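Novice: Chains as they are written, first to last, in our numbering: chain P, 39 to 443; chain U, 39 to 443.
No lab work stands behind these hints: they were computed from the structure. This one's a predicted model, so the numbers in the text were calculated from it and none came from an experiment. Hints should not be assumed to be uniformly reliable.
Pairs involving identical chains hold if they fit within one copy or between any two copies, as the list cannot separate such chains.
[Said to hold, decoys possible] Distance condition first, Cα-Cα at most 35 Å in a straight line; then the derived DSBU-like pairs of lysine-lysine:
id, residue 1, residue 2
1, Lys288, Lys52
2, Lys55, Lys288
3, Lys417, Lys361
4, Lys208, Lys219
5, Lys361, Lys219
6, Lys417, Lys288
7, Lys308, Lys219
There are 2 protein chains.
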Amino acid sequence: MTKVVRAAPPAPPKAWKRDVAVIGVGQTPFGELWDASFRALIREAGLEAIQDAGIAGEDIDAVYVGTMATGRFIGQENVASLVMDMAGLADLHIPATRVEAAGASGGLAIRQGALAVASGLADIVVVGGVEKMTDVADDEANRIVSMALDQEWESFFGATLATQHALVAKAHMHEFGTTRKQLAAVAVKNHANGAKNPKAQFRREMTLDQVLEAPPISTPLGMFDCAPLSDGAAAIVLAPLERAWSYTSKPIRISGTGQATDTLALHSRKSITSFPATKAAATMAYRMAGVGPGDMAFAEVNDDFTISELLAVEDLGFVDKGKSGEVTEYGTTGLAGDRPINTSGGLKARGHPLGATGVAQFYEVVAQLRGTAQGRQVKNARYGLAHNVGGTGSTAVVHVLEAVS
Amino acid sequence: MTKVVRAAPPAPPKAWKRDVAVIGVGQTPFGELWDASFRALIREAGLEAIQDAGIAGEDIDAVYVGTMATGRFIGQENVASLVMDMAGLADLHIPATRVEAAGASGGLAIRQGALAVASGLADIVVVGGVEKMTDVADDEANRIVSMALDQEWESFFGATLATQHALVAKAHMHEFGTTRKQLAAVAVKNHANGAKNPKAQFRREMTLDQVLEAPPISTPLGMFDCAPLSDGAAAIVLAPLERAWSYTSKPIRISGTGQATDTLALHSRKSITSFPATKAAATMAYRMAGVGPGDMAFAEVNDDFTISELLAVEDLGFVDKGKSGEVTEYGTTGLAGDRPINTSGGLKARGHPLGATGVAQFYEVVAQLRGTAQGRQVKNARYGLAHNVGGTGSTAVVHVLEAVS
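Based on the provided sequences and hints, a complete structural model is requested.
Specialist: Spelled out as C-alpha cells, the structure:
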C-alpha cells in the first residue's frame, strides 16, 4: 500500500452556485395512524406541499425521499419509484431518489434536494420524508430503530438508542450537574408546545411530576423522556431563489446547510457529553449563511430524548457548555422565552416518524418564518434553524432558514 | 382539494453549473466472500479509489454510499457514518450520505455525488457502492432482493425479480420472435468477458448448451440467465473537471447524467417489452452530453437477467426495437463486435452485489477510457456508457463518460 503524503490544500470557502428557497410545505398529522399506509401518508404530504407551492406534476424536475427502514417496517425497498407511482406521476419518469441516515433521513433528503437545485440540473424539487412504524410490534420497532447504532459493537449486544442516550445523560449529569428535573423540563416544555400544534401526535400538556413518575426506560430516562414510535409524512418544495417569487410571496431561503458524520459507536468518542457532528454541521451552516447562533430567533432541534435537546442547545452554540439544563428550567427555551426551541412540540410531542422528522422540522420553521404558526407564533423572526440527527450523534444535518420577503 | 391548473412552463435546457470528472477508481473482487465483512469490503474499495486519485482524507468534501438492503442483509441502517468510521475518517466529520434504489443504488449514488460537485458545495467527493448478500440463506436473500418489487401487489403474492423478468422475456419472445438461444447468447458473451476480468465473480467461459441446460428458475429463464448473489464493493473519486488534471493525467469526464423512474409494479405499464425509465434517463444523458447512442464505443448495461441486457440494448438506442437478440447472436455486442456490451462480464459474470454494481460499471468504463482494461480493451474509445437499473425497470440511471485527456 502506497502511503499518501500530501499537504491538504487550504480549504477554499465553499459556496453553492445558486441560492435555494422553500416555496411550499405539507405535513400529515403524526400519530399511530392505523388507517393510513406508508403510501397514503407520503402521497398526502406530497400533494399538500405541491398545492401549497401552486405547481403541477409537470413542473417537478426531481424528487427526494428520506426514510429509514422500509425494508424492515413494511418489507419494501426501492421506495422512491413507489412514491412517484403513488403520486400518480410515474408516467413523467421524474428522477426520484431515496436517502437514508436513520433519524436524519429527512434533513439529509432536503440537503440533497437543495444540492440538486444549486447544481443547476433541477429547478423545482419536491422533498418528502416518511415512516410507517406502527405496523410491527413495539419490541420489533425498537429493534429496527436501534439499527441506527453499530450492529457489531452496540445493537448486537442489546444496546438500544435509549440505553446509549441514557449513558450520555448520566455523563452530562455527572460532568455538569444537570438534574433529573432539568431533563424532564424538556418534555414538559415540548408537550406544552405540541398542545398548540394541530399536527402533533401528543396534543396534551404534561406536568413535571408526570414525567418524573413515568416508568423507567433506561435510567435516568423514563417513558416521557423518549420520543414515541410514530407514523407520518412531511414534504417541501424547493426552487431556485431567483424564481421563487413567481410561486409565493413569502419564499423562505435556505441560507446555510451543513452535514457531518461521527463514529457510529458511542464508545469510540473522546467525550459523550457533546455531539461533534452537530457542532461541525452547525459551523458549516452558520458560515455559509454568514450568521451565528445569536441570530437564530428559534430552532427545531432533534429531541429524540430529552438529553438530546440539551446537547443540541449547547452544540448549536445557543448556551455555554453545561448550561442547557439550567436555561430550560428557567424557561429561556420556552415559547415565551428568549430562544424558543421546538415550538412544534419537537420529536417528543409532534412525534418522530423517523424519515419524516427532518422535513417536519422544515414545515415548522417555514410556518414560523411565514408568520402562520397560529397559537405558537414566534415574533419578528428572520432566521430559524433546523437540526436533525441520526443514531447517537453519528449523523447531523443543520439548516439555517431565512425569511427574505 | 384544490385542482391545480397551470400551464407547464417551457422546459429550459438544464445544465449543471460546473463539469465533473472521475479522478480515481477502486473495486474489490466480487464473489461469495465469506471472509470479508460489509465493513471490510467498502473500506478496501474506498482506499483503492483514494490512492488511485492520490488524495488524502482531508481532501474529501463529501461521501456518498449506494447500498440496497443493509437493514435486512446485515441488520444495519445508518451506514454512511459506519463507512466513514471504517475508513478511519470519523474525526474529520465529513458529510456522508447513503442512497438507495435497489440495484440502481450505486449509479444513483454517483449521480448525487456528481450533483454535489456541480453545486459548488463540494470539490472532492468519494462515491462507494457495496452489498454483502451471502451472510443470509439463499432463499432469504432472494426474498430481500425482491423487496425491489411492489410489496403490496407483487412480492406479497410471491413474485420475485426472476418471475417478473420472465414475464418480460416471454412478452419479448412473443412480440419480436426473440429466441431462447438469443437470451442464452447474452450469458455466453458475458461469461467470455468475465473470464478476462480479474475482479469478476465468475472467471470461466460457458457454452450455449450449458446455459440452455441449466435448471429452470422461472421459464424461460434458467439459472445462468440470472445474475448471482454476490458480495463486493466499488468506489470512485469525483472532482470538478477544471481541477481534475492536478490529480490525474487522464481524467474521465461525466458528460451526461440521466435518471428516471417508472411504476414500481410491472402490471401498471402500458408495455413490458421496453423500460421507459431507461429511455428517459438515456435521453437526458445523451442530450446533456450532446451525443447520441451511435457515439458510444461500448457500454456497461444492467444485465441482472439476460432479457434485461436485450431490453437495455434497444432502450439505449443501440439497435432497432426487437433486434437485440439477433445482434447478440451475431456477435455485434461481443468484445470483437461493433458495439461491445458488458466488457467487464456484466452483472452476470462480474457479479451483482446490488449497491456496488453501478459503481463497478464506472470502474470498468473508466478502465476502458483510460486504456487500462488489459485483455478486454476496446480500441480508440472516446465515449462509454453506464446503465444501472433498480427493480423491474422502475428506476434507471444512465451516465455518459468521456475521455478528455
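Novice: Each hint needs a verdict: does it hold in this structure or not?
Specialist: Here is how each hint holds up against the structure:
For a Cα distance limit of 35 Å, the shortest separation of Lys288 from Lys52 qualifies both inside one copy, at 27 Å, and across copies, at 26 Å. In this assembly of identical chains, Lys55 and Lys288 lie within 35 Å of each other by CA distance both inside one copy and across copies; the values are 22 Å within and 26 Å between. In this homomeric assembly, Lys417 and Lys361 come within 35 Å of each other (Cα to Cα) only inside a single copy, at 25 Å, whereas the closest approach across copies is 67 Å. Taking the shortest Cα distances, Lys208 and Lys219 sit within 35 Å of each other inside one copy (13 Å), while across copies they are farther apart (68 Å).
For the identical chains of this complex, Lys361 and Lys219 are intra-copy neighbours only, at 14 Å inside a copy versus 74 Å across copies, given an alpha-carbon limit of 35 Å. In this assembly of identical chains, Lys417 and Lys288 lie within 35 Å of each other by CA distance solely inside one copy; the values are 16 Å within and 56 Å between copies. Taking identical chains as interchangeable, the C-alpha atoms of Lys308 and Lys219 lie at most 35 Å apart only when both belong to the same chain, with a minimum of 27 Å there against 62 Å between chains.
Checked against the numbered hints listed earlier, the structure breaks none of them; every hint is satisfied.
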